[in-house]
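Trainee: Spelled out, the chains give:
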Amino acid sequence: MSSRVGMARYAARAAAGVARRLRGGSGTVIAGHVLEALAPGAVEALTTGRDVTLVTGTNGKTSITALTVAALGDEHLASNPDGANTRAGIAGALATGGDGAVVLETDEGWLPWAVAQTRPARVVLSNLSRDQLSRHHEVRALAVSWRAALAGVPLVIANADDPAVVWPALAARRQVWVAAGARWTADAATCPACGRACRRGPTGWGCTSCDLRRPRPHWWLEGNDLCGEDTRIPLRLDLPGRFNLGNAALALAAVDATGGVQLHDAARRLADVHAVAGRYQRVRFRGHDLRMMLAKNPAGWLELLDLMAPDRCPVVLVFNADGVDGRDPSWLYDVSFAPLRGRTVVVQGRRATDLMVRLELDDVEARLVRGSIADAVWVLPAGRVDVVGNYTAFQTALKEVRRG
Amino acid sequence: MADELTIVHVLPDLLGTYGDRGNVLALTHRAEARGVACRVVEVGLDERVPRTADLYVLGGGEDSAQLLAARTLLADDLVAAVLGAHTTLAVCAGLQLLAHGFEDSTGTRHQGLGLLDVECGRLEERAVGEVVTEPVDLPEVPSLTGYENHRGSARLHGSARPLGRVVAGVGNGHDDLEGVQQGHVIATYLHGPVLVRNPALADLLLSRAAGPLPEYEDPEVEELRKERLDVADPRRRRRHLLGY
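Protein chains in written order, with our numbering: chain A, 42 to 445; chain B, 1409 to 1652.
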């Protein structure tokens, strides 16, 4: 590391410390801005010679990153556990993190840049579906950019159940396929390779025209066990939902690929992950037991509605359309909210009216309560409450309930 | 007023990327609120578009999905005649599919169904954002609000009329016009979904398909309209600034 990068890193860490004291949060993004301003090219310098894993996808990337970090059990590694996953967040994670291995959650749109800068040993791809279309535009365009970026990457660990990640993954030098599941299939109706129809059946998916089809997985789930050719590893997660078992499978496959960790020990460490950047965190707040959850696109909502289905406790839905949320909330109509029928539902947020109308069209009775989470739970009986927000709404809600 | 309506959602698996399924929900919700039962038929890739429904809806989609939809629909010789003979809403990629032709992301022209006297090209830049238009020759429909996210343009020829004149946003990319009206077809680049945000437009389609409808007001939807127009309509913002 050059003295210039070393000085920049020192200044970035100081800036992060000041930001943490003044504004709360991790200070990672500010650290990244400082690092890159003082030492352009520092990201490349700080990853040279290190074992780098990048994790990307529309959903699950924060969880897979956290699970990978936990499974590696290396206290010297650098990562971005707070989900700051664009250029500044990645730079900040390298400035403030340890000097060991690197595990970086990467925004889907920033993957080509991150691959070019960090020259990863491996890239983990979870899934690709519609999200923030006002920013990312189209799923296939992202798949095309991934495919170009991954050419030459030594290894990709990819979800075999999603054609939109399998096709770009095939550009890498080697692939490890994980049957991590794909509940959302609406963006996989056409083949990403040739544009013809892509069909799903009981044994997988395949293009009706070209030879793209579901690859035979190296890792798959049987109940709560992760299975390989001659391996069966029980997964005991504290994180809820079938989708988190898929996330854990991808994380362990990535850890296995590092070659330096006993996989059963790594799997046991996954149970120590109780929340991911505040998601699934349980908080006692104003006489209520809140479970905090994030749902920021149709695929995420589909998984979360499944997760919440057995429960009948009240739900607070907080909905914005600011910045990273995407400006267009039309996607609310891509998923059915009917599973919420019969539950007590409170709605708030800057685009609460959009959500109220959406729920009305699915015959879900809801009450609009403007203000804060405290205002929302005030109208609910004491007890358990699920709080679900999209990105900025979730962050604001989390800050409030953590303050108490 | 009819007792029952059959609404056909054409290729929702391909033309449903931007929440346009909400247009079908808005139609059924507003019809059923008036006591008109609705049957929704979703047409899959291997299925023939029904010939005798009351209302047809096409949504938006990504480039590759749009091309597959074009191949599928063009393979059915009667689809253009069926859609042209019935009340039809087409949104974004749906609009382009009903035009004489449209361009993909590489600039290659593809044949459309030729139902609308419209040629679709490419905008210089993608149009993304809130849109407000004033409807043309539709006195029962107030200002339209929606969200556009497209690279396609639309140039109208002789027998095609615009759906609206652009107050805010881009629209067709020619002559400050947005959307198309021709015969029984209304086509637009507006998502939102457009019929959720514009109940009068939904009612116009329903009344064309089912006959005159009784009044129905949905306060929640009216509030949504007000919020979006307050944000996007520069005339309203000026009025707020001037205090009247």
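Just so you know, not all the hints are guaranteed correct.
Below 20 Å or equal to it, Euclidean Cα-Cα: the simulated EDC-like pairs (lysine to aspartate or glutamate) are [claimed, not checked]:
| no. | chain 1 | residue 1 | chain 2 | residue 2 |
| --- | --- | --- | --- | --- |
| 1 | B | K1634 | A | D330 |
| 2 | B | K1634 | A | E401 |
| 3 | A | K440 | A | D363 |
| 4 | B | K1634 | B | E1538 |
| 5 | B | K1634 | B | E1532 |
| 6 | A | K440 | A | D330 |
Computed Cβ-Cβ distance ranges for the label pairs, DEER-style [to be verified]:
| no. | chain 1 | residue 1 | chain 2 | residue 2 | range |
| --- | --- | --- | --- | --- | --- |
| 7 | B | K1634 | A | R62 | 38 to 46 Å |
| 8 | B | E1450 | A | E85 | 30 to 38 Å |
| 9 | A | R382 | B | K1634 | 22 to 30 Å |
| 10 | B | E1412 | A | C251 | 39 to 47 Å |
| 11 | B | G1515 | A | R323 | 49 to 57 Å |
| 12 | B | Y1624 | A | D347 | 52 to 60 Å |
| 13 | B | E1440 | A | G412 | 39 to 47 Å |
| 14 | A | R382 | B | P1547 | 36 to 44 Å |
| 15 | B | Q1519 | A | W419 | 42 to 50 Å |
| 16 | A | R327 | B | P1620 | 45 to 53 Å |
| 17 | A | D347 | B | P1622 | 16 to 24 Å |
| 18 | A | E270 | B | V1639 | 29 to 37 Å |
No wet-lab data here; the hints were simulated from the structure.
C-beta: ideal position from N, C-alpha, C; glycine also.
Trainee: Work down the list of hints and note, for each, if the structure agrees.
Mentor: Each hint, compared with the structure:
A hinted pair counts as satisfied when its Cα atoms are at most 20 Å apart, and B:K1634 with A:D330 does not qualify at roughly 36 Å. In summary, the hint linking B:K1634 to A:E401 is supported, as the alpha carbons are separated by about 17 Å, within the 20 Å threshold. Among the hinted pairs, A:K440 with A:D363 is consistent with the structure: their alpha-carbon atoms are about 17 Å apart, no more than 20 Å. With a C-alpha separation of about 13 Å, the suggested pairing of B:K1634 with B:E1538 holds against the 20 Å cut-off.
At most 20 Å may separate the alpha-carbon atoms for a hinted pair to count; B:K1634 and B:E1532 exceed this at roughly 31 Å. Distance restraint check for A:K440 and A:D330: the Cα-Cα separation of roughly 16 Å lies within the 20 Å cut-off, and the hinted pair is therefore satisfied. Checked against the hint of 38 to 46 Å, the C-beta distance between B:K1634 and A:R62 comes to roughly 43 Å, which is consistent with it. Taken as a hint, the range 30 to 38 Å is violated for the pair B:E1450 and A:E85, whose Cβ atoms sit roughly 50 Å apart.
Checked against the hint of 22 to 30 Å, the C-beta distance between A:R382 and B:K1634 comes to roughly 27 Å, which is consistent with it. In this structure the hint that B:E1412 and A:C251 lie 39 to 47 Å apart at CB holds, the actual value being about 43 Å. Checking the proposed 49 to 57 Å range against B:G1515 and A:R323 shows it holds: the Cβ atoms sit about 54 Å from each other. Distance hint check: the CB atoms of B:Y1624 and A:D347 are about 34 Å apart, inconsistent with the given range 52 to 60 Å.
Checking the proposed 39 to 47 Å range against B:E1440 and A:G412 shows it is violated: the Cβ atoms sit about 33 Å from each other. Taking 36 to 44 Å as the suggested C-beta distance range, the pair A:R382 and B:P1547 conforms, at roughly 38 Å. The hinted window of 42 to 50 Å between B:Q1519 and A:W419 is violated, with their beta carbons roughly 59 Å apart. About 52 Å separates the C-beta atoms of A:R327 and B:P1620, a value consistent with the hinted range of 45 to 53 Å.
At roughly 39 Å, the beta-carbon separation of A:D347 and B:P1622 lies outside the given 16 to 24 Å, and the hint is violated. Evaluation of the 29 to 37 Å hint for A:E270 and B:V1639 yields a failure: the beta carbon distance comes to about 56 Å.
The structure fails to meet hints 1, 5, 8, 12, 13, 15, 17, 18 from the earlier list, while all remaining hints are met.
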